[in-house]
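Undergrad: Sequence:
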Amino acid sequence: MEKKTVSDYWNEIFEKYNILDEIKNHQVFKITAKQIKEFKEPRLMTKFDSRRSRPGIFRKNYLGILPIDNGEYLIGKFNLYEKVPKDPNLMPVEVDLPEYLESIDPDNIYSESNALNVALLSGMIRNLIGEDLHETISGRMRANDFDFIVHGSDNISQIINVKKPQIEIDGGYESKNKLILIEAKNTDPDDFIIRQLYYPYRFWTMKVNKSIVPIFFTYKNGLYDFYVYEFENEKDYNSIKFIEHISYKLRYKNLEIIKRENLIVIDEDMSIPFPQADSFTRIKGILDHLSDKDCTANDIAELFDFTPRQGAYYLAAARYLGLVEKENKLYQLTKAAYQINKFSVKERNVMLGEFILKHKPFLLVFDYYNRYKEFPSNEKIIEFMDISKINLPSKNRVVYERRASTVRGWVQWIIYSGIKVS
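Using the UniProt record's numbering, you'd call the opening residue of the sequence shown number 1 and step up by one each time.
To be clear, the hints were calculated from the coordinates, so they are not data collected in a lab. Here a beta-carbon is modelled for each residue, glycine too, at the ideal position from N, C-alpha and C. Careful: at least some of the hints might be erroneous.
With a straight-line Cα cutoff of 25 Å, these simulated BS3-like cross-link-like pairs (lysine-lysine) come out [to be verified]:
id: 1; residue 1: Lys358; residue 2: Lys420
id: 2; residue 1: Lys210; residue 2: Lys178
id: 3; residue 1: Lys346; residue 2: Lys373
id: 4; residue 1: Lys259; residue 2: Lys360
id: 5; residue 1: Lys40; residue 2: Lys77
id: 6; residue 1: Lys60; residue 2: Lys30
id: 7; residue 1: Lys24; residue 2: Lys47
id: 8; residue 1: Lys207; residue 2: Lys163
id: 9; residue 1: Lys83; residue 2: Lys60
id: 10; residue 1: Lys293; residue 2: Lys346
id: 11; residue 1: Lys37; residue 2: Lys47
id: 12; residue 1: Lys34; residue 2: Lys47
id: 13; residue 1: Lys358; residue 2: Lys380
id: 14; residue 1: Lys77; residue 2: Lys30
id: 15; residue 1: Lys380; residue 2: Lys360
id: 16; residue 1: Lys30; residue 2: Lys235
id: 17; residue 1: Lys40; residue 2: Lys210
id: 18; residue 1: Lys47; residue 2: Lys60
id: 19; residue 1: Lys47; residue 2: Lys235
id: 20; residue 1: Lys293; residue 2: Lys335
id: 21; residue 1: Lys178; residue 2: Lys241
id: 22; residue 1: Lys284; residue 2: Lys360
id: 23; residue 1: Lys40; residue 2: Lys16
id: 24; residue 1: Lys185; residue 2: Lys241
id: 25; residue 1: Lys395; residue 2: Lys284
id: 26; residue 1: Lys335; residue 2: Lys373
id: 27; residue 1: Lys34; residue 2: Lys16
id: 28; residue 1: Lys395; residue 2: Lys360
id: 29; residue 1: Lys329; residue 2: Lys3
id: 30; residue 1: Lys16; residue 2: Lys30
Label pairs and their computed distance ranges (CB to CB) [what the hints assert, rightly or not]:
id: 31; residue 1: Thr187; residue 2: Ile137; range: 22 to 30 Å
id: 32; residue 1: Asn144; residue 2: Lys342; range: 49 to 57 Å
id: 33; residue 1: Ala312; residue 2: Lys60; range: 19 to 27 Å
id: 34; residue 1: Lys259; residue 2: Asn233; range: 52 to 60 Å
id: 35; residue 1: Val398; residue 2: Glu268; range: 16 to 24 Å
Please build the complete structure, drawing on both the sequences and the hints.
TA: Take a look at the structure:
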């Protein structure tokens with residue numbers, strides 16, 4: 001018998017309490033932690049940090065859930081998420097860590113707090129804000145009561161009353177004129193739940209007279225990305241406005257080198273489709289997870305907050321590189337991938353770079369970048385794909401552009417990892 005998922009439990013909760021009918025008649029449904037706990041621990045049942053991480057019944061009916069009191073939640077057709085405005089052509093600003101620091105290994109950033117420490121000590125946050133600052137707050141705390149408007153997917157707005165919600169701040173930094181509140185992720189999400197910025201913002205607007213700067217921060221693959229926001233109306237949850245995106249990376253003292261003679265370009269295996277999986281960081285994450293245990297496609301999708309289709313694409317991309325194989329329903333590392341995992345982070349990156357650049361489209365784009373110091377256009381990447389005789393499901397323009405985005409993303413990963421070919 002298969003283990004029940006969070007989605008399965010929510011289906012049972014919706015059925016028991018007729019939640020869809022209640023929302024149809026009253027716009028919202030209030031549910032308690034006690035009611036949820038009849039099925040599973042509430043903490044595990046209510047943490048949906050992205051649109052995709054919501055259970056199926058929430059996604060299908062355009063629903064969201066908000067904590068409103070200690071042990072109480074509100075379900076309704078709420079627009080709770082904000083898309084991360086990524087710019088694939090944004091070049092990171094290079095900064096340095098103080099040379100005397102020995103306790104921080106920039107090649108082994110293992111947590112969000114560790115990444116924020118690097119961002120502070122290297123001057124990234126000061127550069128971003130333009131003022132000297134100090135770390136002043138972090139962790140969990142209880143906020144005061146407040147109310148706000150949230151807009152719905154059905155164009156109906158709701159006034160939400162929140163009583164002493166628990167908030168968590170990953171990083172709080174204060175300068176002479178500003179208080180910076182950071183929500184940090186050591187993943188590469190496509191969107192985030194606004195609440196993680198809005199609730200701390202509302203709490204601190206009631207406590208300080210300074211300008212509050214909400215920031216969504218991500219660390220992945222050596223890149224420290226800051227997405228700066230403001231709320232145009234402090235009582236409107238959806239008044240969030242994107243201001244700017246600045247990316248940083250640490251300057252590499254010693255560049256990692258791939259020897260050109262090691263790059264023997266291989267013929268494309270026409271039995272394996274060309275990958276559609278833009279983030280090589282996510283592929284690295286899958287490889288790290290599979291080094292501990294074999295997994296099903298559903299395991300990977302749930303762990304990495306993928307849709308089933310997206311999870312299949314990323315596993316197929318790892319198979320394309322010869323790093324993952326499938327046996328029955330389980331995915332496992334190949335012998336080559338197991339060997340790579342025995343080395344240091346830098347050495348692994350070089351080896352993974354070699355696996356990528358042995359495929360002609362990626363090598364052509366990499367060489368183009370090193371020659372012209374800019375990435376080729378999509379048209380040029382598609383031209384490189386055509387002459388490389390890759391396996392595509394169709395010659396549709398959209399299919400080409402999606403695969404071109406993958407080529408660009410993987411080559412960016414190589415370049416931003418400080419890898420050179422000589």
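Undergrad: Given the hint that Lys207 pairs with Lys163, does the C-alpha gap stay at or below 25 Å?
TA: Answer holds: Lys207 to Lys163 is near 16 Å, not above 25 Å.
Undergrad: Decide if the proposed pair is consistent with the structure: Lys259 and Lys360, CA atoms, cutoff 25 Å inclusive.
TA: 16 Å, holds
Undergrad: Kindly confirm whether 52 to 60 Å is satisfied by the beta carbon distance between Lys259 and Asn233.
TA: 57 Å, holds
Undergrad: For the pair we were handed, Lys395 and Lys284, check the Cα-Cα distance against 25 Å.
TA: 29 Å, violated
Undergrad: Given the hint that Lys329 pairs with Lys3, test it: the Cα-Cα distance must not exceed 25 Å.
TA: 16 Å, holds
Undergrad: Given the hinted pair Lys37 and Lys47, is their Cα-Cα distance within 25 Å?
TA: 14 Å, holds
Undergrad: Can you let me know if the beta-carbon spacing of Thr187 and Ile137 is within 22 to 30 Å?
TA: Taking Cβ atoms as reference, Thr187 and Ile137 lie about 23 Å apart, which means the hint holds.
Undergrad: Would you mind confirming whether the straight-line C-alpha gap from Lys24 to Lys47 stays at or under 25 Å?
TA: Holds: Lys24 and Lys47 sit about 24 Å apart, inside 25 Å.
Undergrad: Does Lys380 sit within 25 Å of Lys358, going by the straight-line distance between their CA atoms?
TA: Roughly 19 Å between the alpha carbons, so the hint for Lys358 and Lys380 holds.
Undergrad: Checking one constraint from the list: CA of Lys293 to CA of Lys335, max 25 Å. Satisfied?
TA: 14 Å, holds
Undergrad: Need the status of pair Lys210, Lys178: alpha-carbon distance at most 25 Å?
TA: 5 Å, holds
Undergrad: Would the pair Lys335 and Lys373 pass a check requiring their Cα atoms to be no farther apart than 25 Å?
TA: Violated, because 36 Å separates the two Cα atoms, which is more than 25 Å.
Hint violations for this structure: numbers 17, 25, 26, all remaining hints satisfied.
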